[in-house]
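Participant: Residues per chain, in single letters:
2 protein chains.
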Amino acid sequence: MPLRATLALPALALALAAAAPPPGGTLADVDPFIGTGGQGHTFPGAVVPFGMVQLSPDTDTACVIRACYDHAAGYRHDDPTIQGFSHTHFSGAGHSDLGDILVMPVSGEAVLLEPGDAARPGSGYRSRFSHDEETASPGYYAVTLADARVRAEMTAGTRIGVHRYRFRPSDAAHLVLDLRSSLYDYPGKILWSSLRLHPDGTITGMRETRGWAPARKLFFAMRFSAPLTGHAFVSTEEDVPYKGFQGPGRGSDAVAERAGRALVARLDFGRLDRPLEVRVAISSVDAAGALANLAAEPGDFDAVRARAQEAWSRELGRIEIDAPTPMRRMLATALYHSLIAPSIAGDSDGRFRGPDDQVHQADGFTFRSTFSLWDTFRAEHPLLTLIQPERVNSDIVRSLVASQEASPHSILPVWQFQGRETWTMIGYHAVPVIADAYLKGIRGFDAAAALDAMVKSARYAPYGGLGDYMARGYVAIDREPEAASKTVEYAYDDWTIARMARALSRGDLAAEFDKRAGYWRNTFDTRTGFVRARKADGTFRAPFDPTAINYGSDYTEGNAWQYSWFVPHDQAGLFRLMGGDRAVIARLDRMFEFDTSKLDYSHAEDIAGLIGQYIHGNEPSHHVAYLYNYAGAPWRTQERLRQIVESQYKPTPDGLSGNDDLGQMSAWLLFTGLGFYPVAPGSLEYVIGRPFVHRAALTLPNGKRFTIVADGLDDSRPYVGAVTLNGRPLARSFLRHKEIMAGGELRFRMQAAPNRRWATGPSARPYSASSPPR
Amino acid sequence: MPLRATLALPALALALAAAAPPPGGTLADVDPFIGTGGQGHTFPGAVVPFGMVQLSPDTDTACVIRACYDHAAGYRHDDPTIQGFSHTHFSGAGHSDLGDILVMPVSGEAVLLEPGDAARPGSGYRSRFSHDEETASPGYYAVTLADARVRAEMTAGTRIGVHRYRFRPSDAAHLVLDLRSSLYDYPGKILWSSLRLHPDGTITGMRETRGWAPARKLFFAMRFSAPLTGHAFVSTEEDVPYKGFQGPGRGSDAVAERAGRALVARLDFGRLDRPLEVRVAISSVDAAGALANLAAEPGDFDAVRARAQEAWSRELGRIEIDAPTPMRRMLATALYHSLIAPSIAGDSDGRFRGPDDQVHQADGFTFRSTFSLWDTFRAEHPLLTLIQPERVNSDIVRSLVASQEASPHSILPVWQFQGRETWTMIGYHAVPVIADAYLKGIRGFDAAAALDAMVKSARYAPYGGLGDYMARGYVAIDREPEAASKTVEYAYDDWTIARMARALSRGDLAAEFDKRAGYWRNTFDTRTGFVRARKADGTFRAPFDPTAINYGSDYTEGNAWQYSWFVPHDQAGLFRLMGGDRAVIARLDRMFEFDTSKLDYSHAEDIAGLIGQYIHGNEPSHHVAYLYNYAGAPWRTQERLRQIVESQYKPTPDGLSGNDDLGQMSAWLLFTGLGFYPVAPGSLEYVIGRPFVHRAALTLPNGKRFTIVADGLDDSRPYVGAVTLNGRPLARSFLRHKEIMAGGELRFRMQAAPNRRWATGPSARPYSASSPPR
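Line order of the protein sequences matches chains A and B. Reading the first sequence from the start, the letters are residues 1 to 774 in full-length UniProt numbering. Reading the second sequence from the start, the letters are residues 1 to 774 in full-length UniProt numbering.
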């Protein structure tokens, strides 16, 4: 059945008409609200590129763990009230935490210290708002709080957030500072917190939480543009078996400090004839770190906002995009979302808190964290190697290695934020991040130490069934959950170790890990043609349902349909096991056209964006549309990409079909929009799909420019007719990293009909480890 | 009625017979078990002078808060079992905490991870023991653990403790490391804890507790002389609403780290043919601090023990004591107990955790804490100025001022340990400690900064009714509890500020605080002749019962009988209000002879050691016996001292009549034994009582020697007949600090009958602020 028949264009189809780039460039096209509805889990608030502070409104935190999924980023576009503005948020995470140090303005005499019920205005300090009076752009967010009678504006620096509140001059102005509020809350999450008012009016404090990361400490320092006229530090903790002795001050008012597990502060400023500005810095290290971070970024709201805009203008300007308006907005926003994590997590003086909960010193680099590596090794990190300075990429590697050195397990981060490990998802995907960076020529880190960290991580038997993996060649499902996914992901990670080891002339390690790179075969069932979980006795676990998706099952957030394609480094080897090109193409088609109407995946988070068994809302599918290229059918990849882009992305709050996952969903769109995608980081190749831009220009870290042009791009010409690189025909369906880095022009000729002859032969196909070396 | 009639000598009366000093000097006379029974609250374990580690057996921690009073120091001499050996203990505290990082050896195959029931041997890891197989000396403790089949020995360095366990060679050797065990426990006390096994076999960890001091963090590092053959890190926490994601390792065995609120570890060593030594260091800063502290004090058990003994020999050798055996033992032990606190609390690299819970750097001094100031300003600190190097005393001042600088309230410590404030007891008695040190010529600190810290503390309105005190001249009982005690104690503290201000040529401050020094008059009721609590309206609170002792009442751990004598700096002024010498003497006699048989003070902690309304077990009475001197009747003081010493001290575990209070009870005995006592620190005078030694020699910080000789001392000659200083008659009943510091000999001629003429005239009496200056 011709694929075209399935391409029912949605109402909001991309109008692929020629259009000039708008004034203001890429920055003006960013819409921070994209992804704040649906399950995109992005936030609309203020952040600078890779900023430690994400100052953003929380519309609701009154939920417990999984019930908070809708509010993973604090803000949900369809909520009617804002509870306050807190300083830390993940961009697009599936699981969540953060929402630290919530501040909310309150006008008038009565100040309620509970957020109240969104359905009952006036029942607490939360306030209704309207999207008509809300605006957001990179580094800036503003909203009018109806019940609070306050115009609120937010901006951010690297380690600071700045609030500006315009109260009515006739209103007594207050702030509520609520240390109880948190994303993904549950009883007992807050282990300890404290507040301290300094004689100069500065407030410092801290909170230690047992959330996604256990025993995470966050300190802050807060200064106000107007003097405090009064304050109350209130503990609402109930049933404290032992309260100790009473410190200075009676009751909650006028005390200089308070500590406990449920603190909220009322801060009074009297009547103000000018806006109240609040400068806040955070630190994972200590209060002195927060104070130093605050001092390191001086200036008032407007000055900080100007710097934030300048930073975004510079970073977003690294890609010029000429595309139809919806696509231009989506790509600009994707670029914006890809520049939020990994976030800076170290202080301005270089100190940072590591996975051992101890404070370390970063010498010569900036410690970065928020590593959602299972997601971001795929396209987010490869994107950063193209559009961020070598310094940023080497910082990332040094931060990963510094974390390994401080790890109680001596292994690299798995899913880390603010230096703290959460043990979420599988694999040791810091490994491909480091290998890919090194192989691309990124230096500025100790490569031998990095390789050592990679090897230690890959050999750590207690982690995720690695003991069995090393002994048997696969993770045994009767001893370790998600064994099938783990085996294939480990094999890919191992291949990147081998690549880097060889580059460092460590033939011994290269041999060891090249061997392990083939272990994916040990979990492939040639009878069914699927990657399947094996038991320690060597048999595949039965019964087997290739459509089942369950936590703790044979696969990780997926099933056999998605995971059977995960051999990024040796698709040719996989395809041989699957019966060759024709069988593979048929099977890929079967995947995209699978009838899932009778399946229910609603119990599984992040299983969204279904096109048959292709699930774009989650990462295991992300490379799959590009696999037709490996089977000699690039035109089929081109069709699938159009199908995915048109159905999975919209320039609207609900415009992401799944969690943005710290930039991975966005990086996928950005690469795909430019016309190529890094299917196998570490291979130094990008698989060519089809562009969705008329023209785009990348300013590379080395200062050169690489331009993509799509001649004739419009809705009626979705196929690649021919490709030239610097004017010379490109007869292969992949691009080499060095070709991009050399600068130049990649030009596509788009056409209405598929070109079934372009780049179909064996030598035109992208890298596969078991194919003859090119 | 002649006083003598009341002096019924107890069975264990002091045999005041001449005896030669024993071999081994003062050290050999120390008995660390004195005070471990009754309510002395001392511990028998290993500590070096002012050591950060107090490694001592805990016989029971299964109690909650006030029920733990008997076990304030962990060990109770009449308990049948030992639960384990923990690394931190107060010496003689009334309230309590600590008992950190409990280690217990276990032999054999079955290792129970709960302490079990003392009444049911074998029900847990605790073990029976016998005092016959137990020994303790300064820096060393040993016991045979019957159920564990282990000989256990403990020694200590400054920041380390070293354990030595002799298992039977045929037994599998284990240790239980229980981070759940704590003194003064209660549900929820442990906020967080963690354990980490390093590849080299070192274990580090931490515990954060919400005990007497809120959010106190203690880190440790632990190394073993034999390799670990296995381990389990177990969390026994129940009802954890959210556990996060699983880290490497399944279950509790072989994991490299574990964190939570209820951790216990089983450590396996297999069969050992030599003793197992365990070196442990602690730090309030971080794990790196603990590791550095461990490295800073190298050596095995015997080496560390030898250093500890050497240190004690040096410090205890500063006073040579020739006295009858029981008194010699009591005085030697009192000296030992007076050299435990203030404990070192900063790391070997100078870092320390301050009252703001932040880490600070001590530049050029060693940070010390464990300041039980309401107790110790009286005699403990004055003792240290006589027998410790200037460096130790200036360290104390610098630590107090550093704490003030880091205090969220900008005030000096009240009751602080490990840098953390507990807000226990009343007053700002760091002030007399600093003033007394400065006026005695101790330098090495910034005197202006110290004075500033003193003034800030005395002017901090939110603390303990100081706002009212400054505005009205007294603390108002209807707005602040214990107002009578606070008013008189503040007035004394203020007088010491005035003294120091004058010495620093700050006449403005001297005038301000001289005025405040007279505020004690505002709370003295001339009608009843008692210090009484006044209300804000100026009236004394009624009804008034001078014998009532209650928490939160008009007085602090005492009543009008004790507190009406608290004007250390102006007893003459007080005596005039009381009606003159004769009335005062009668009233003192009435106090000592008060019939308390119908009163019940059992509800009040630390109200013990009653001689009428003189309550030697608690501090407000401590100076009272010396007050006869101020009324011209030194011979009556001499009688009372004998009465007190004979009834309140014994060289036995139950030999202290009340909590030793971090050395104050001991310092009282030591001064009294030498024949003089610092009634008013800051006055530079010691009030002469009567000696209980044949001879004693102090090696002073300046290297000079001051000798006390009591000619003719025995039971039949309890009175001072005459006194000479360096051979010249001393006709006054006080001694000047500079006279001691000049070195020389103070010689008493003891006699059977009182000398009612010696030092009775006005000019022979000790300092009183309102008397003409001498």
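In case anyone wonders, no lab produced these hints; they're calculated from the structure. Nothing here was measured: the structure is a model prediction, and the numbers come from that model. Hints are not guaranteed to be accurate.
Identical chains share a label here; the pair holds if one copy fits it or two copies do between them.
[Claimed, not checked] Straight-line C-alpha distance at most 30 Å; calculated BS3-like pairs for lysine-lysine:
id : residue 1 : residue 2
1  : Lys535    : Lys650
2  : Lys738    : Lys598
3  : Lys515    : Lys243
4  : Lys535    : Lys704
5  : Lys535    : Lys440
6  : Lys650    : Lys440
7  : Lys704    : Lys738
8  : Lys243    : Lys535
9  : Lys440    : Lys243
10 : Lys515    : Lys704
11 : Lys650    : Lys243
12 : Lys456    : Lys535
Participant: Does each hint fit the structure? Answer for all of them.
Facilitator: Verification of the hints:
Taking CA atoms no more than 30 Å apart as the test, Lys535 paired with Lys650 passes in neither setting, with 43 Å inside one copy and 73 Å between copies. For the homomeric pair Lys738 and Lys598, neither the shortest alpha-carbon distance inside one copy (47 Å) nor that between copies (97 Å) is at most 30 Å. With identical chains, the CA atoms of Lys515 and Lys243 are never at most 30 Å apart, being 60 Å at best within one copy and 37 Å at best between copies. When the C-alpha separation of Lys535 and Lys704 is checked against a cutoff of 30 Å, the pair qualifies neither within a copy, at 52 Å, nor between copies, at 82 Å.
When the C-alpha separation of Lys535 and Lys440 is checked against a cutoff of 30 Å, the pair qualifies neither within a copy, at 38 Å, nor between copies, at 80 Å. Within a single copy, Lys650 and Lys440 get their C-alpha atoms no closer than 33 Å, and across copies no closer than 80 Å, so neither meets the 30 Å cut-off. In the homo-oligomer, the alpha carbons of Lys704 and Lys738 lie at most 30 Å apart inside one protomer (12 Å), although the nearest pairing across protomers, at 82 Å, exceeds that limit. Within a single copy, Lys243 and Lys535 get their C-alpha atoms only as close as 54 Å, which misses the 30 Å cut-off; across copies the closest is 27 Å, which meets it.
Proximity of Lys440 and Lys243 under a CA criterion of 30 Å is satisfied in neither setting, with 58 Å inside one chain copy and 39 Å between copies. For the identical chains of this complex, Lys515 and Lys704 are neighbours neither inside a copy (38 Å) nor across copies (79 Å), given an alpha-carbon limit of 30 Å. In the homo-oligomer, the alpha carbons of Lys650 and Lys243 never lie at most 30 Å apart, since the shortest distance is 54 Å inside one protomer and 36 Å across protomers. For the identical chains of this complex, Lys456 and Lys535 are intra-copy neighbours only, at 25 Å inside a copy versus 72 Å across copies, given an alpha-carbon limit of 30 Å.
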